[in-house]
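Chains A and B supply the protein sequences, listed in that same order. Per our numbering, the first sequence starts with residue 1, numbered consecutively. Per our numbering, the second sequence starts with residue 1001, numbered consecutively.
There's no promise every hint is true.
[To be verified] With a Cα cut of at most 30 Å, we get these calculated DSSO-like pairs of lysine-lysine:
{"no.": "1", "chain 1": "A", "residue 1": "K401", "chain 2": "A", "residue 2": "K508"}
{"no.": "2", "chain 1": "B", "residue 1": "K1017", "chain 2": "B", "residue 2": "K1036"}
{"no.": "3", "chain 1": "A", "residue 1": "K37", "chain 2": "B", "residue 2": "K1036"}
{"no.": "4", "chain 1": "A", "residue 1": "K119", "chain 2": "A", "residue 2": "K285"}
{"no.": "5", "chain 1": "A", "residue 1": "K285", "chain 2": "A", "residue 2": "K239"}
{"no.": "6", "chain 1": "A", "residue 1": "K45", "chain 2": "B", "residue 2": "K1036"}
If you're looking for bench data, these hints aren't it; they were derived computationally from the structure. This one's a predicted model, so the numbers in the text were calculated from it and none came from an experiment.
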Amino acid sequence: MTHSAKVRALIACCALALVFTGFSARLVQLQVTEHEKWADWAHEKHGTRQTIYAQRGLIMDINQQTLADNEPARMVIADDSMITDPDDAAAVMAGPLGMSETDLLAKLTSGRRYIVIKKGVPEDLAEQLDTRLAVRSIRGITFQQDSERIYPNGTMACHVIGFINDKHNGVGIETQEDQYLSGHDGFRYTERDRSGQELVAYRGQEHAAQDGYNVRLTIDMNLQNIVETQLDAACKQYKPQKAICILMRPQTGEILAMANRPNFDPNDVRTETPDQLAANVAALKNCAITDEMEPGSTFKMVTAAGALNEHVVTPDTTIYCENGSFTYAGRSLRDDHPNGDLSVDDILIKSSNIGAAKLGISLGEQRLYSYIRAFGFGERTNILLPGEIPGLVPPPQRWSKLSITRIPMGQEVAVTPLQTITAMAAIANGGHLMMPQIIHDISDPNGGVISTFPPVEIRQIITPETAREMTAAFRGVVSARGTAVGAKVPGFDTAGKTGTAEKIDPDKPGYLSGHYIVSFCGYLPADDPAFVCLVMLDDPHTAEDQYYGGLVAAPIFSRIGAQVARYMNLVPQPDVPASSLVVTQREHD
Amino acid sequence: MNRRRHANLVPVAALVKWVVVAFFLCTAGLCYVYFKNQMQTTGNDIRGLETRLNELRMDDDRERAQINRLSSQSYLERRLQEGFIQLTPITDDHIVRLHMAATRTPADATADIDGADQLSQDPNRIVAQ
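Using the sequences and the hints given, assemble the complete structure.
What follows is the structure, given as structure tokens:
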């Protein structure tokens, strides 16, 4: 080899060495010096955090009938980085998804890689849309698995079941037990290839979703159906502003049925905007726990029970009822039907206001107040439903001179319907004030019970003997001598108390003329009650002098009671024939 | 003659060594590619099976939702009103009671609570403080 050849070879080798050194330097730069940067970039480009959505738990009734379920649907997701022509994509999707093209375009150009376009899209629509996108070769739109909450029974038990929307606004059990129902979403880190297909081999950390727990209510939909049907009929007949009916098992405090009018369909309400919800708020309220009202004569049970329990009187003690007009503290108190001497039983049977006032005076302010509070008025019952209010029971220090005659007959206090039925249940079960229960148990998706709700006794209010005496008087209320003969359930020994309260004028002190809240709260069989039922109608439209609880609410109770007794397989008593329901005398409270 | 033969000897041992090394490297490379492909194929299979499982679950959920809808009180009530279901109310004179004890509740944990006296003996009962 000549010298020049050797030099050229050396130069070539050096040049090659330099080139390879350059490549090596670049490789070191990419793989070592800037490793983090490029690894992160690659991960961002191909790696994704896939959310594994938890299935929301079911709500069921006591017989495991599903009240709130999940129906499969699709969620439309867009990846901004893969959409080459957002205008075209928006034009294709806007119509089928029911969205405006402008809004859709704004979403598609938001610069994010995970854009939720719409949730709860029906599967068939998703398939059609997928085909149309494929035909137009539009990439970056995927249809993820989703589910839509459905309520198979529509409006039935809507205030108990409730709903919850995406913004976590809602009512009922759906809201109250959301932490149990919603479950916990899982996640999975994974990578995708250029076409967006997941590379399963490159899956990273994974955390499985935990589905929500199932909530089983104490509500029995068969009983709920009976109550709702009768309430609908009552609303059709009387057109009240509101109507409430509650069915409770007195021994345990379990709510067997709870219905309100007006009502709503959670399938529709769930998707409403906040403004629409605000406009519909009257229907969304569970008036049984969120509305307070003067109870009227049903409250006389507290006065009479207190007086009997304190041995201030006996059931046979005679009280002079002033022939219908009693002046106390300069104000006159009247009975609709004048009475002379009445026994304590008869005061309840004929619902004498003057008799109740005199019982209250005999009992005294402090003891009367103690019994009102002992019966649970003025405090929340702590039922597991949202929005319960405590009602209003002023302490004796704030009472006027007149209060001792008005509170015993159910004025100057405000109570919720649930408090009223809970108090009546205490008399029915022998004096035990039970906490109202709406949830029977909570179980995991495999059926394993994780939490049960046994009966909770809050306190013993009155002795069993006093409770029996009260029941005897309440039997009389439903007899031909009483104010609620229409509440009688054929074949069953029925007990209860009517209530007719004037509505408070919201604009000025005093009452609205001709507007009443009528109610009947009763139970059967009287000796060993299987259920207590409260029927309450706010401002029913009736003929003049036909607005009393005994004439409006009591017959509704009777119809409900007859059907409930049949469903519960209660055995009719042969010595309580239906023919005994001959009305010989009609009196009202 | 002997010198030439000695000079042209093939280094068999070294050759074999390099052939073995090359063969090992090739096999390792091919195995790597094979297993990589297998992983990809298995991954695709897994993804396919997961998709199928999800579809079956969704079908199951869909059917269950449909059953719940069709067996709901509201739906049955509507069908009854529309005349698709005929029910005849059972009158009291058509009921024969085999025992007089009232079984008034669904079979649940509270069915045995018949009265206040029994209730106070219920071991599951909680008394609020």
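Cross-check of the supplied hints:
As the CA atoms of K401 (chain A) and K508 (chain A) are separated by approximately 21 Å, the hinted pair is consistent with the 30 Å bound. Pair hint K1017 (chain B) plus K1036 (chain B) holds up; C-alpha atoms about 28 Å apart against a cutoff of 30 Å. For the proposed pair K37 (chain A) and K1036 (chain B), the alpha carbon gap of about 26 Å is at most 30 Å, so the pair holds. At roughly 27 Å between alpha-carbon atoms, K119 (chain A) and K285 (chain A) fall within 30 Å of each other, so this suggested pair holds.
Taking the CA atoms of K285 (chain A) and K239 (chain A), the gap is about 18 Å. The hint holds against a cut of 30 Å. Between K45 (chain A) and K1036 (chain B) the CA atoms are separated by roughly 21 Å; this keeps the pair inside 30 Å, and the hint holds.
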